[in-house]
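Novice: Listed below are the residues making up each chain.
There are 4 protein chains.
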Amino acid sequence: ICPIGTFSFPSFNNKTTFNGSFYYCRICRNCQGILERLNAGEVVIGDGGFVFALEKRGYVKAGPWTPEAAAEYPEAVRQLHREFLRAGANVMQTFTFYASDDKLENRGNKLSFTGAQINEAACDLARQVANEGDALVAGGVCQTPSYLSCKSEADVKAIFKKQLDVFVKKNVDFLIAEYFEHVEEAVWAVEVLKETGKPVAACLCIGPEGDMHGVSPGECAVRLVKAGAQIVGVNCHFDPMTCVKAVKLMKEGVEKAGLKAHYMVQPLAYHTPDCNCQGFIDLPEFPFGLEPRILTRWDMHKYAREAYNVGIRFIGGCCGFEPYHIRAVAEELAAERGIMPAGSEKHGMWGAGLEMHTKPWVRARARRDYWENLKPASGRPLCPSLATPDSWGVTKGHADLMQQKEATSKDQLKQLFDRSKSH
Amino acid sequence: ICPIGTFSFPSFNNKTTFNGSFYYCRICRNCQGILERLNAGEVVIGDGGFVFALEKRGYVKAGPWTPEAAAEYPEAVRQLHREFLRAGANVMQTFTFYASDDKLENRGNKLSFTGAQINEAACDLARQVANEGDALVAGGVCQTPSYLSCKSEADVKAIFKKQLDVFVKKNVDFLIAEYFEHVEEAVWAVEVLKETGKPVAACLCIGPEGDMHGVSPGECAVRLVKAGAQIVGVNCHFDPMTCVKAVKLMKEGVEKAGLKAHYMVQPLAYHTPDCNCQGFIDLPEFPFGLEPRILTRWDMHKYAREAYNVGIRFIGGCCGFEPYHIRAVAEELAAERGIMPAGSEKHGMWGAGLEMHTKPWVRARARRDYWENLKPASGRPLCPSLATPDSWGVTKGHADLMQQKEATSKDQLKQLFDRSKSH
Amino acid sequence: ICPIGTFSFPSFNNKTTFNGSFYYCRICRNCQGILERLNAGEVVIGDGGFVFALEKRGYVKAGPWTPEAAAEYPEAVRQLHREFLRAGANVMQTFTFYASDDKLENRGNKLSFTGAQINEAACDLARQVANEGDALVAGGVCQTPSYLSCKSEADVKAIFKKQLDVFVKKNVDFLIAEYFEHVEEAVWAVEVLKETGKPVAACLCIGPEGDMHGVSPGECAVRLVKAGAQIVGVNCHFDPMTCVKAVKLMKEGVEKAGLKAHYMVQPLAYHTPDCNCQGFIDLPEFPFGLEPRILTRWDMHKYAREAYNVGIRFIGGCCGFEPYHIRAVAEELAAERGIMPAGSEKHGMWGAGLEMHTKPWVRARARRDYWENLKPASGRPLCPSLATPDSWGVTKGHADLMQQKEATSKDQLKQLFDRSKSH
Amino acid sequence: ICPIGTFSFPSFNNKTTFNGSFYYCRICRNCQGILERLNAGEVVIGDGGFVFALEKRGYVKAGPWTPEAAAEYPEAVRQLHREFLRAGANVMQTFTFYASDDKLENRGNKLSFTGAQINEAACDLARQVANEGDALVAGGVCQTPSYLSCKSEADVKAIFKKQLDVFVKKNVDFLIAEYFEHVEEAVWAVEVLKETGKPVAACLCIGPEGDMHGVSPGECAVRLVKAGAQIVGVNCHFDPMTCVKAVKLMKEGVEKAGLKAHYMVQPLAYHTPDCNCQGFIDLPEFPFGLEPRILTRWDMHKYAREAYNVGIRFIGGCCGFEPYHIRAVAEELAAERGIMPAGSEKHGMWGAGLEMHTKPWVRARARRDYWENLKPASGRPLCPSLATPDSWGVTKGHADLMQQKEATSKDQLKQLFDRSKSH
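Protein chains in written order, with UniProt numbering: chain F, 1 to 423; chain V, 1 to 423; chain G, 1 to 423; chain D, 1 to 423.
Hint data in this document are derived by calculation from the structure and do not stem from the laboratory.
Don't take each hint at face value.
Note that the list lumps identical chains together, so a pair holds whenever it fits in one copy or between two copies.
As the list claims (entries may be wrong) - Straight-line distance between alpha carbons at most 30 Å, and here's what the computed DSBU-like set of lysine-lysine pairs gives: (1) Lys396 <-> Lys110; (2) Lys302 <-> Lys56; (3) Lys414 <-> Lys359; (4) Lys194 <-> Lys260; (5) Lys375 <-> Lys414; (6) Lys359 <-> Lys405; (7) Lys162 <-> Lys198; (8) Lys375 <-> Lys56.
The shape of chain F in the complex, shown without the other chains (with noise of 0.2 Å):
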């Protein structure tokens, strides 16, 4: 059964209803699969990043950015999830990110569960909280450690492999390869995750430049493509807007191979225009002087639409968003989804419920032209707009990207300190 009026916000229930002559939802899970939904041309909604969130509520440690909370604090974790679903989110992505055994115990990183163990419960997660509203569980495997220090493709794919066995026992609804530097590996991971038979989702992290090797976009999503991904585009990285532009020209190089594609775009919720290729690790405020480059949920607005216009029907976030700024998405898109977000019984468009604030001159701040134009101070006089990008230009195959078991040693990080510096 198709659980429309589950939703809280009734008169866009009925809107739907109304403007669709159906007699089913079309947006939900029952009613559709990923496939089904972006062949009818429906947009979907993805979640936001979940390391980033869970670091800052003190789940997840930056450094490793390993997810065993999954296992270990699985309370946070569905907490998120939910709220995610609540904010509009059409998928719950399981909390797998980096969880393939090579990074789990990479440099010095001592965790109580296992690689299997992670995985599973993070799939339980993710399929608990889809159950509770309408939404698809996507399992998701990202670039291994194993790459980087080249070992050979049988290696890779076995790593990719072992994710893709809890996957398939846990039956999840559809599979997304993300965060690839290389485009190399990406096409590894589509190649193991096709043989379930399961859509696949492939996203690159990588910027308008193109992937580390040099590879430009409009190649990159045709070599995914030609590897068996439905859906391509980019995760990670860059800003909305920097990631949506990637996205296009990877759709312009789809079309212009006479292939065809869906298209998705989950970016940073980080201002990002001073990047390089590398993107967002390169600034000197990552990971943990970010917040005056957050996205407000007005330019969550702005990046919707233009991925909406762009072509892109597959649109959630990465690190740094909240669920306000899913919420955001959902909102802008909600005409032609036909649904607002339930979380928007708290909320309300472009911010109506200051309608209800004590201070008058806030209350005249319930309305659109206002947010729309606004330029956010950043309080920080001292501060510069725009930073300069570390830029070692280090990649794949150099010594310093190794997997490494032991913690870095004391030397290893004075040798880096000093070149920091020189740069």
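Fit chains V, G and D to the known structure of chain F by using the hints.
Specialist: The following block gives chains V, G and D in isolation, referenced to the frame of chain F:
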């Protein structure tokens, strides 16, 4: 039994034991109440503001800012309590901000819970999580629309009394009267709270210029202490350094008057160097464009140190504070407190976790002097660093501030928009 | 004969005649001296600073800042006088800044002219250009290395006396003691200048915080008036709005003391909101990186209006002022003065000349509200908006400030560099 | 006779003699003309822009930007020539910008001098000052309203011919066609100038995006060289680094086409990272709010080095350049040129003169690394760092660009204001 040994940071527990030669931890709730702790010279860490944090998570509506989520979405409120506890907070404030009956039904805000239901649910959640650690429960009241509408002292006191009845029934550990713009109303609140015999803290939301009627911080503090508050300070409305400055003036006033008190501060997590006496409410970015002003964790280290140096011992946060901000306060004062927050398991002092980062140039940032000296860029070159506050200068007694049960009408809004443009 | 009618802006001359019903212009030198003008309530416009303007033109050396160009490159100095006259200045200050013998030979500065030669040449140039229009000639003295080196009152006064002998011989119209950081030395200067019987103006280079020994602006002004200055004020070191604020405090002090005086202000043409009590000398940008702080002509309109509103009637400029800055002051006060500056022939009020621009969108900027509301961008996204002053806090009597005839040695420089880095 | 030894910086003259083993200076006008110098690989330093510098001094009207001051206020123009000569310029450009008859009488500009009078006076002034040193005189023509008004090639060429007749009569050393937005018109100018037999330089006011019709810098340069220009480059409209980038593209185009040329660059002294293809005219700050964008002398060092590295040997400036900016260029290239500019007598490399400053912390700034790394603050916290250009996109042939002898009417202005607001 004192829960020493329950914390996950063994080296610090050991240190405490060795340094202090105590069988008891001296800092847990079982050992001591709020006044015993402060009298012993200990640092008490507060939690962060719930309305802003839960607005971003989708459970509070900006505008009314009312706390019905305590009854409506208890799992979301409980989770936030847990995160602050894990971050090092010693106090769980009941989520009862603006939970007075006159505020709950202001300007068309329609809720399906009574004030009593909300206040009771909030007490239960705070107590439940406090018991998971060593925290105290503080019942909180704040300023009322009745006062702004020029109701009588008896009427306003009756409002406080109603909330207080719940706090007494639920047996909170102490009471906080906070977020008062006028010292007169705060004194009334203290007089009511004192009747319970529980310890009373009182915070105004003012800066160094004093309350909305121009009463200086020093004089405000004297009046609050004379009314019976054992702890005085400021919360909300200004950034940490400004609030600390205001509390310092309070302390000087109290000492000059030959009185005694403890001091607390719970500021914004937003930089507000450009505010007038009304605080961040007057900033054009309030409440939906404040992102570029969010303090980093390193700003919080400076705040915690400065507050400590000034002699403030109850140090927490208000709007904008996320759990990692409180964790930063707890980490800065770890040596003074003899304990690291549980959440530091996922952090490490001064970003030590970065030693495990994949990229070498990020590992090179795993050091104090890097983050201490960083001047973070905003990524917003079209935005200024400071803003011009609205400065309508409307205060108690003005027609626009009167309590009004009905929603703001379109005509009322239009008048506000027009006045807004002429400012 | 009064030179009415010699100005090139006929409409304004006519207006003067009609409004005032005078046969005489009332504003030219032939009609009145400095005190007559000020007593009559007229606005007197000063010139701009010569050392900074001529440094950019290649005739003054930043560091010693000495005015040997008066004797060495007279045509360059004469041209700058002419430009300020044309911009509307009523006063030609002799280019005798730092022309005391002790300063001329400080720290290895080797000149081929004696102090007397420089002072005489400067008087001749000022008089020559003043005679081309209606301007008064003011002989100026400023603070001495001798005072900073703790020489006696008699020694310091002898320094002033030597410059004064030239001014008397050349018969300047009045005297200005300016750029004093310590009111004590300024009082000594006034006492010497008073002996000539000529009108005496006295300016400190201080802000609202007072002089280097912490004497408040009000108290400073009272001492100067009591010493015999008929005009008091501030020059240099701070931006226009800050200087006006300081003079306002002087005025309040003088009036509170039951005394009478006229007021003058000759500020920097640089924005200095971030300065400490030492002024722009402490800014890291001094003196070779101040460009982004230069005031626009529109900033000057606001300055001139504010100075006028505060009751200041002698309004000019110091370092950073170029002729167009003085022209802007004269244009803002054209109605009050009854005359447009000659230089407005090449300008027009509020950029009216843009009506003749080729590009239509630039013609669209030929209006007051455009320029009045412009928030000019810096084009420097890597730079902050405010700086942290050096704040060494070194003042009179410190070894590093002593007069020293020899050049600064390499050892001395190295010590300074090292101290600089530790700040 | 070669004037070696006439320079006031003896150590450098000596050095030249020793290093080069030449009896002749090789850099003076008597030794060589422009092409001889460039062919010998020497660096030729241009002067700065006269219209902006003289607008600030009160002798040029912003809007028409015409050079009648050459005839009207010759002493002011002569003085500026002298300052640039002293700063190190090897070329005195005649102050004949916009001195074509059609431009002189555009849009209500009423002058009391004919075009011929202005051009002749300008030649005399340039020659007089050039003879005071070793500089060459260059006669300059620039784009015409006739071209923008779609007049025929013959008509436009006749305009250039008229100015040229004066240059031939006055026997200038070489010719510069500069400030052309359309390469087509520039080619016409070069074709006319070539007929004199004198060396011809040609500069467009374009950036890396090419001319107003989208012709790339490389293609533009090829056309100019084929038309007969021996020196090609860009001037005005963009900041130094952008202009150098554009000339680099020109050079690549010329070399790719198998042609040969010399290269020149004379950029703005304003930072313009936010410009579109139309350059600084489109910036909201043009022309009366550009102050915060002015380059420091240290920015000029970087510019001179970059231009030199790219292979440009004729390096000068345009609007915004003051004499000290040219001096900085000459100082940066002092080793390559074998001579310091005369004006460095009042400066010293990297601010060496500061060793004589009174305040010790300013003496501590007398070093290269201090100034090279300074990030100057704007002192304007309410202003952004970048602006949004106007981008009306109006070009040749548009009604609003047509030559019009009458003044812009009030109706025309009102229409422009309205269009301006809607952008």
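Novice: Each hint: holds or not?
Specialist: Verification of the hints:
Within a single copy, Lys396 and Lys110 get their C-alpha atoms as close as 25 Å, which meets the 30 Å cut-off; across copies the closest is 58 Å, which misses it. Taking the shortest Cα distances, Lys302 and Lys56 sit within 30 Å of each other both inside one copy (26 Å) and across copies (19 Å). Proximity of Lys414 and Lys359 under a CA criterion of 30 Å is satisfied inter-copy only: 15 Å between copies versus 54 Å inside one chain copy. In this assembly of identical chains, Lys194 and Lys260 lie within 30 Å of each other by CA distance solely inside one copy; the values are 17 Å within and 57 Å between copies.
Only between protomers do Lys375 and Lys414 lie at most 30 Å apart by alpha-carbon distance; the minimum there is 23 Å, versus 41 Å within a single protomer. In the homo-oligomer, the alpha carbons of Lys359 and Lys405 lie at most 30 Å apart only across protomers (15 Å), although the nearest pairing inside one protomer, at 57 Å, exceeds that limit. Proximity of Lys162 and Lys198 under a CA criterion of 30 Å is satisfied intra-copy only: 16 Å inside one chain copy versus 58 Å between copies. Taking the closest pair of Cα atoms, Lys375 and Lys56 come within 30 Å of each other both inside a single copy (26 Å) and across two copies (20 Å).
In summary, this structure violates none of the numbered hints.
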